[in-house]
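Order-wise, the sequence lines are chains A and B.
Heads up: the first sequence begins at 19 in my numbering, then just goes up one per residue.
Heads up: the second sequence begins at 19 in my numbering, then just goes up one per residue.
One or more hints might be untrue.
[Unchecked claim] Listed next, the in silico DSSO-like pairs over lysine-lysine satisfying Cα-Cα at most 30 Å (straight line):
| no. | chain 1 | residue 1 | chain 2 | residue 2 |
| --- | --- | --- | --- | --- |
| 1 | A | LYS95 | A | LYS36 |
| 2 | B | LYS219 | B | LYS204 |
| 3 | A | LYS219 | B | LYS187 |
| 4 | B | LYS200 | B | LYS187 |
| 5 | A | LYS99 | B | LYS200 |
| 6 | A | LYS200 | A | LYS36 |
| 7 | A | LYS219 | B | LYS200 |
| 8 | A | LYS187 | B | LYS145 |
| 9 | A | LYS204 | A | LYS191 |
| 10 | B | LYS154 | A | LYS191 |
| 11 | A | LYS154 | B | LYS154 |
| 12 | B | LYS99 | A | LYS94 |
| 13 | A | LYS99 | B | LYS145 |
| 14 | A | LYS99 | A | LYS36 |
| 15 | A | LYS191 | A | LYS95 |
| 16 | A | LYS187 | B | LYS191 |
| 17 | B | LYS95 | A | LYS26 |
| 18 | B | LYS145 | A | LYS154 |
| 19 | A | LYS145 | B | LYS95 |
| 20 | B | LYS200 | A | LYS187 |
| 21 | B | LYS219 | B | LYS187 |
| 22 | A | LYS26 | B | LYS94 |
| 23 | A | LYS219 | B | LYS204 |
| 24 | A | LYS95 | B | LYS94 |
| 25 | B | LYS191 | A | LYS94 |
| 26 | B | LYS154 | A | LYS187 |
| 27 | A | LYS95 | B | LYS99 |
| 28 | B | LYS219 | A | LYS187 |
| 29 | A | LYS36 | A | LYS94 |
| 30 | B | LYS145 | A | LYS191 |
| 31 | B | LYS94 | B | LYS200 |
| 32 | A | LYS219 | B | LYS219 |
| 33 | A | LYS219 | A | LYS94 |
| 34 | A | LYS154 | A | LYS95 |
| 35 | B | LYS99 | B | LYS200 |
| 36 | B | LYS204 | A | LYS145 |
Since the hints were made in silico from the structure, they are not lab data.
There are 2 protein chains.
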Amino acid sequence: MSTIELNKRQEQIVQIVKDNGPITGESIADQLNLTRATLRPDLAILTMSGYLDARPRVGYYFTGKTGSQVLTDKIKKLQVKDFQSIPVVVAENVSVYDAIVTMFLEDVGTLFVVDQGSILVGVLSRKDLLRTSIGKQELSTIPVNIIMTRMPNITMCEREDSLIDVAQKLIEKQIDALPVVKLTEKGIEVIGRITKTNMTKALVSLAIDGLV
Amino acid sequence: MSTIELNKRQEQIVQIVKDNGPITGESIADQLNLTRATLRPDLAILTMSGYLDARPRVGYYFTGKTGSQVLTDKIKKLQVKDFQSIPVVVAENVSVYDAIVTMFLEDVGTLFVVDQGSILVGVLSRKDLLRTSIGKQELSTIPVNIIMTRMPNITMCEREDSLIDVAQKLIEKQIDALPVVKLTEKGIEVIGRITKTNMTKALVSLAIDGLV
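Please model the complete structure; the sequences and the hints are all you need to start from.
Shown next as structure tokens:
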């Protein structure tokens, strides 16, 4: 994969095809006062890069795709499974105090709450725990299922979901992480965790490895 | 700017030039049992896209630049100032309780602590506040300067810094945000805030607007 900048002549060609397409190579050459042979490499580049397409006996036409669209199409194909982390879960009867301790021990910002069958029943953010901790209650006596976000208000995603769609959900809903889930006969199982940290890592690997 | 995929013949050409360059167009054509004329569009594409370069009377040589390098160079040029948010600050004598309330009111995950001259003296994360809140002390009597991360342990950045460098710092240091600072005669002033949320937004705008 490569990135090219169009030269001035190629930009003129794109403009001519935009305005007059479908148009033959000869007609483009006429408008530019050049020979068909001179234009051949430019037309090859423009069709291979996806700006123009050509149909036999019809001519060149503008695809409507700009280069950055081709690029963004590739970024849009990134999937949750390529960037997700391991989930950290707690049982629904543990205390808020123990959940906070788990959060520090596991060094995560979001915990998922599961029932006895390992089915997702809630989500606990650092914000939820902080809000509770400034209340007047004794943290070791409040079970997490009193303060957690519960179904059906949990925003979830699946392994094959688009990373960018999930990034947009994190921003819109102002949350730090989503559970990556799998629907089984028993219910919704948590199989991963996708966070703003994962998104930051995706941005870095895009810059370093050019993973698109 | 556009993104192209090389076809099989173009990949063969790149390999031949890598192995034998500098090499003339005729010699490449010989190795592939093709005419020079047949190869002309491919060679034009490969030189324009930056894979190969050509010198008169010398021939084609491999530039060492792959397309994704050109792309990643562009991502690396993104700057903090294009994505930063407004900072939220508290005075160093406010209580931990008041800091937590400010964090909820302003809906941020990190507060910056400043002295009377508005100079940066500390940073408070949600994690710092949560850790303190499960202690036995009365939150409304502890001033934030007891628990904050203080100079010289604060990781900072400037408006013109590379966004990707800052993203890497957030990951390495496992923090959610950095203050964007400006050095003045009085000391270090906080002028912005750059967070994992900003990084997530950068990733999304890369996919949507193709801002590179």
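Hint-by-hint comparison with the structure:
For the given pair, LYS95 (chain A) sits about 28 Å from LYS36 (chain A) by alpha-carbon distance, which is consistent with the 30 Å threshold. Between LYS219 (chain B) and LYS204 (chain B), the direct Cα distance comes to roughly 33 Å. Violation of the 30 Å bound is thereby established for this hinted pair. Taking the CA atoms of LYS219 (chain A) and LYS187 (chain B), the gap is near 11 Å; set against the 30 Å cutoff, the hint holds. With a CA separation close to 18 Å, the supplied pair LYS200 (chain B) and LYS187 (chain B) stays within the 30 Å bound.
Restraint check for LYS99 (chain A) and LYS200 (chain B): the C-alpha separation of about 39 Å exceeds 30 Å, so the hint is violated. Distance hint between LYS200 (chain A) and LYS36 (chain A) is unfulfilled; the C-alpha atoms sit about 46 Å from each other, more than 30 Å. Our distance criterion of 30 Å between C-alpha atoms is met by LYS219 (chain A) and LYS200 (chain B), whose separation comes to about 27 Å. For the hint linking LYS187 (chain A) to LYS145 (chain B), the alpha-carbon distance of about 23 Å falls within 30 Å, and the restraint holds.
For the hint linking LYS204 (chain A) to LYS191 (chain A), the alpha-carbon distance of about 28 Å falls within 30 Å, and the restraint holds. Taken as a hint, the LYS154 (chain B) and LYS191 (chain A) pair is broken in the structure, with Cα atoms around 33 Å apart against an allowance of 30 Å. At roughly 13 Å between alpha-carbon atoms, LYS154 (chain A) and LYS154 (chain B) fall within 30 Å of each other, so this suggested pair holds. Restraint check for LYS99 (chain B) and LYS94 (chain A): the C-alpha separation of about 25 Å stays at or below 30 Å, so the hint holds.
Distance restraint check for LYS99 (chain A) and LYS145 (chain B): the Cα-Cα separation of roughly 27 Å lies within the 30 Å cut-off, and the hinted pair is therefore satisfied. Taken as a hint, the LYS99 (chain A) and LYS36 (chain A) pair is broken in the structure, with Cα atoms around 40 Å apart against an allowance of 30 Å. Distance hint between LYS191 (chain A) and LYS95 (chain A) is fulfilled; the C-alpha atoms sit about 22 Å from each other, no more than 30 Å. This hinted pair checks out: LYS187 (chain A) and LYS191 (chain B) have alpha carbons roughly 25 Å apart, not beyond 30 Å.
The hinted pair formed by LYS95 (chain B) and LYS26 (chain A) meets the criterion: a straight-line CA distance of about 24 Å does not exceed 30 Å. A C-alpha spacing of about 20 Å is found between LYS145 (chain B) and LYS154 (chain A), which places the hinted pair at or below 30 Å, so the restraint holds. For the suggested pair LYS145 (chain A) and LYS95 (chain B), the alpha carbons sit about 34 Å apart, so the restraint of at most 30 Å is broken. Proximity of LYS200 (chain B) to LYS187 (chain A) is assessed by CA-CA distance (about 33 Å); at most 30 Å being required, the pair is judged violated.
A C-alpha spacing of about 17 Å is found between LYS219 (chain B) and LYS187 (chain B), which places the hinted pair at or below 30 Å, so the restraint holds. Proximity of LYS26 (chain A) to LYS94 (chain B) is assessed by CA-CA distance (about 26 Å); at most 30 Å being required, the pair is judged to hold. For the given pair, LYS219 (chain A) sits about 36 Å from LYS204 (chain B) by alpha-carbon distance, which is inconsistent with the 30 Å threshold. For a cut-off of 30 Å, the pair hint linking LYS95 (chain A) to LYS94 (chain B) stands: about 21 Å separates their Cα positions.
As the CA atoms of LYS191 (chain B) and LYS94 (chain A) are separated by approximately 28 Å, the hinted pair is consistent with the 30 Å bound. Of the supplied pair hints, the one linking LYS154 (chain B) and LYS187 (chain A) is violated, its CA atoms being roughly 37 Å apart against a limit of 30 Å. Our distance criterion of 30 Å between C-alpha atoms is met by LYS95 (chain A) and LYS99 (chain B), whose separation comes to about 28 Å. Distance check on the hinted pair: LYS219 (chain B) and LYS187 (chain A) sit about 11 Å apart at the alpha-carbon level, within 30 Å; holds.
Straight-line distance between C-alpha atoms of LYS36 (chain A) and LYS94 (chain A) comes to about 26 Å, which keeps the hinted pair within the 30 Å bound. At most 30 Å may separate the alpha-carbon atoms for a hinted pair to count; LYS145 (chain B) and LYS191 (chain A) meet this at roughly 21 Å. The straight-line distance between the Cα atoms of LYS94 (chain B) and LYS200 (chain B) is roughly 22 Å, inside the 30 Å bound, and the hint therefore holds. Taken as a hint, the LYS219 (chain A) and LYS219 (chain B) pair is honoured in the structure, with Cα atoms around 13 Å apart against an allowance of 30 Å.
Restraint check: the Cα-Cα separation between LYS219 (chain A) and LYS94 (chain A) comes to about 16 Å, which is no more than 30 Å; the hinted pair holds. Of the pairs offered as hints, the one joining LYS154 (chain A) and LYS95 (chain A) is violated, with about 47 Å between alpha carbons and a cut-off of 30 Å exceeded. Proximity of LYS99 (chain B) to LYS200 (chain B) is assessed by CA-CA distance (about 12 Å); at most 30 Å being required, the pair is judged to hold. Annotation: proposed proximity of LYS204 (chain B) to LYS145 (chain A) is violated, straight-line Cα distance about 35 Å (limit 30 Å).
Taken one by one, the earlier hints fail for this structure at numbers 2, 5, 6, 10, 14, 19, 20, 23, 26, 34, 36, listed in ascending order.
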